Amino acid sequence: MNPPDLKYSKEHEWVRSESDSVVVMGITEFAQDSLGDVVFVEIPDEGAELIQGEKMGEIESVKAVSDLYSPVSGKVIKRNESLIDNPELVNEGPFEQGWMLKMEIKDASELDNLLSADDYNSFLKSGA
Amino acid sequence: MSGNDYQSPYTPNTDHDRQQMLEAIGVSSVEELFKDIPEGYTTDSLDLPPALSEPELMAYAQELAASNMVPGDYACFLGAGVYRHHIPAVVRQITGRSEFMTAYTPYQPEVSQGTLQTAYEFQTLISQLTGMEVANLGMYDGSTSMAEAALMAARITKFDRISIMDTVSPLYREVLDTYAQAPGLKIDTFTSSQTELEEGTACLIVQQPNFFGYMEDMAALSKLAHDNGALLIVSADPISLAMFKPPGDYDADIVVGEGQPMGVPPTFGGPFVGLFACKQEYIRQMPGRIVGKTVDTKDRTAYVLTLQTREQHIRRERATSNICTAVALIALMSTVYMSSNGKRGMRHVAELCYHKAHYAATLIDELPGYSVKTDETFFQEFVVECPLPPSELNEKLLDYKIIGGLDITAQVPNGMLVCATEVNTREEIERLAGALAEIGTGK
Numbered sequence: 001m002n003p004p005d006l007k008y009s010k011e012h013e014w015v016r017s018e019s020d021s022v023v024v025m026g027i028t029e030f031a032q033d034s035l036g037d038v039v040f041v042e043i044p045d046e047g048a049e050l051i052q053g054e055k056m057g058e059i060e061s062v063k064a065v066s067d068l069y070s071p072v073s074g075k076v077i078k079r080n081e082s083l084i085d086n087p088e089l090v091n092e093g094p095f096e097q098g099w100m101l102k103m104e105i106k107d108a109s110e111l112d113n114l115l116s117a118d119d120y121n122s123f124l125k126s127g128a
Numbered sequence: 001m002s003g004n005d006y007q008s009p010y011t012p013n014t015d016h017d018r019q020q021m022l023e024a025i026g027v028s029s030v031e032e033l034f035k036d037i038p039e040g041y042t043t044d045s046l047d048l049p050p051a052l053s054e055p056e057l058m059a060y061a062q063e064l065a066a067s068n069m070v071p072g073d074y075a076c077f078l079g080a081g082v083y084r085h086h087i088p089a090v091v092r093q094i095t096g097r098s099e100f101m102t103a104y105t106p107y108q109p110e111v112s113q114g115t116l117q118t119a120y121e122f123q124t125l126i127s128q129l130t131g132m133e134v135a136n137l138g139m140y141d142g143s144t145s146m147a148e149a150a151l152m153a154a155r156i157t158k159f160d161r162i163s164i165m166d167t168v169s170p171l172y173r174e175v176l177d178t179y180a181q182a183p184g185l186k187i188d189t190f191t192s193s194q195t196e197l198e199e200g201t202a203c204l205i206v207q208q209p210n211f212f213g214y215m216e217d218m219a220a221l222s223k224l225a226h227d228n229g230a231l232l233i234v235s236a237d238p239i240s241l242a243m244f245k246p247p248g249d250y251d252a253d254i255v256v257g258e259g260q261p262m263g264v265p266p267t268f269g270g271p272f273v274g275l276f277a278c279k280q281e282y283i284r285q286m287p288g289r290i291v292g293k294t295v296d297t298k299d300r301t302a303y304v305l306t307l308q309t310r311e312q313h314i315r316r317e318r319a320t321s322n323i324c325t326a327v328a329l330i331a332l333m334s335t336v337y338m339s340s341n342g343k344r345g346m347r348h349v350a351e352l353c354y355h356k357a358h359y360a361a362t363l364i365d366e367l368p369g370y371s372v373k374t375d376e377t378f379f380q381e382f383v384v385e386c387p388l389p390p391s392e393l394n395e396k397l398l399d400y401k402i403i404g405g406l407d408i409t410a411q412v413p414n415g416m417l418v419c420a421t422e423v424n425t426r427e428e429i430e431r432l433a434g435a436l437a438e439i440g441t442g443k
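Keeping their order, the protein sequence lines are chains D and U.
The numbering of the first sequence is my numbering, which starts it at 1 and goes up by one.
The numbering of the second sequence is my numbering, which starts it at 1 and goes up by one.
Just so you know, these hints were derived from the structure itself, not from any lab.
Among these hints, one or two may not hold up.
[Claimed, not checked] Which chain U residues stay away from chain D? Per the calculated CB distances, all over 10 Å, these:
| hint | residue |
| --- | --- |
| 1 | GLN19 |
| 2 | VAL30 |
| 3 | GLU99 |
| 4 | THR195 |
| 5 | ILE314 |
[To be verified] Restricting the straight-line Cα-Cα distance to at most 25 Å, the calculated cross-link-like pairs of lysine-lysine (BS3-like) are:
| hint | chain 1 | residue 1 | chain 2 | residue 2 |
| --- | --- | --- | --- | --- |
| 6 | D | LYS10 | D | LYS75 |
| 7 | U | LYS396 | D | LYS75 |
| 8 | D | LYS10 | D | LYS78 |
| 9 | U | LYS158 | D | LYS78 |
| 10 | D | LYS102 | U | LYS396 |
These numbers come from a predicted model, not from an experiment.
Every residue gets a Cβ at the ideal spot worked out from N, C-alpha and C, and that includes glycine.
Next comes chain D alone, as it looks inside the complex (with noise of 0.2 Å):
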């Protein structure tokens, strides 16, 4: 189910790489199974410089509301505005249309931090 070109960190976020220097990110089917029906997202602006590892934004489900942080460092390009009206997408879709940021990244090397879809598989299955 986690698609095997991504990267995953261990807050349940993920990476798409676009190019060298620009990734699309967004969180993972078992964030979104576990948070339950979203509610509320809330991300950066466009132009935000975000670091790695760092809090970004909050995420409200009917159950909780979670901190999201950002996997990578480097300045937020687009968000995706339709799930200010629609946090719904993030259930739906949450590698395709529940994407949230896309971001021109500072240090590709920092990608080296993140998991592969094996490792967050096994990640997984250790009970994280």
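Position chain U relative to chain D; hints supplied.
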């Protein structure tokens, strides 16, 4: 009743029970449970008078209570944040019902529809009164509502300066100072002669009517706040809102207030209920409880606590606010007050307050040595400059069975803040003027 045989009916544990409990946890005496308290901080005996029997105790308490000077026996012209208004009998009748009196936080909507419905009605009425889109189920009191509004403005704007007008109640200002400490917010005092706010100001806080009873120019202050990128927070008297423009009309962002004037007796300062309303776009940063209206699986109207995920029982230390218990019963008093008075009744109360206060102001202003600030619009309170210190005046007024206004010498030389509401009779107002005249001329 001889010594150790006496078993107080209010202490359910017998010596035998206590002994068993101590044995179960392996401790030899009750004193041993307190051994963590360092030596020097404990005391062997307290210097207390001998115990009284229940009837003796009641008589003693009544004797103490009788030395209070209370409105009713005395004509009272004290306001300054807590106001006496007539409370319709239906308020106590309904709020005294055990279904409301003993209810706990309605976490289980399936067994709490009645409580939740009254909460929803409270929110609706506060929204209508303030002209704001959303209101919560209440805060501790007006002062904590105002301080929480400042924290909320800082969260929304991500600025850390709070600007507060110098005409806001000094007591509310103290509460704000306390709340601002931990998050490290800087507080600036704003005076009406200023034309701009410091850079990076989250909000401008204005009280309407202000602490001295007078109306501020809200349209101008609203524009000034918004032009400077700050939110406008209004701390409003709810009764005045039935007569003057509601804050929603001049684009306030957050409206707070003390709910006490609506159906809650002064009761020596509490418990009260803080009003809290804001624009819909800020609802996720609003502290406190919110009850929503929805339908159940069979399409029947249902009420339920909403946005709970931001409260501390779920979000712990990252909750929007540390407010815990709701003041639901007090909020219910205000709900019954508002709904039994209705729109016309509320307006009638407000107009009576306005006219009584203006009658009092006119009489006092004519007295030799007294001067009333009447060049600005006021509601039910006004400032009197007295010929002698208000502390002395108030002491002498007691001989006339009158509780005078608040001594505000700190703000206005020989200043007294006088309040008259609909419960002050014409006779009382004339008695006050007569007494002030006599005291002022030294008779």
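Hints and how they fare:
Listed as a non-interface residue, GLN19 (chain U) keeps its Cβ farther than 10 Å from every Cβ of chain D; the least gap is roughly 47 Å. At roughly 43 Å, the least C-beta separation between VAL30 (chain U) and chain D is larger than 10 Å, which holds for a residue marked as non-interface. At roughly 28 Å from the closest C-beta of chain D, the C-beta of GLU99 (chain U) stays outside 10 Å, upholding its exclusion from the interface. Interface exclusion of THR195 (chain U) from chain D stands, the closest Cβ pair being 30 Å apart, more than 10 Å.
Against chain D, the non-interface label of ILE314 (chain U) is violated: not every CB pair exceeds 10 Å, the least being about 6 Å. Proximity of LYS10 (chain D) to LYS75 (chain D) is assessed by CA-CA distance (about 21 Å); at most 25 Å being required, the pair is judged to hold. With a C-alpha separation of about 71 Å, the suggested pair LYS396 (chain U) and LYS75 (chain D) falls outside the 25 Å cut-off, and the hint is violated. Between LYS10 (chain D) and LYS78 (chain D) the alpha-carbon distance is near 24 Å, which keeps this suggested pair within the 25 Å criterion.
A distance of roughly 22 Å separates the Cα atoms of LYS158 (chain U) and LYS78 (chain D); the hinted pair therefore holds under the 25 Å criterion. With a C-alpha separation of about 75 Å, the suggested pairing of LYS102 (chain D) with LYS396 (chain U) is violated against the 25 Å cut-off.
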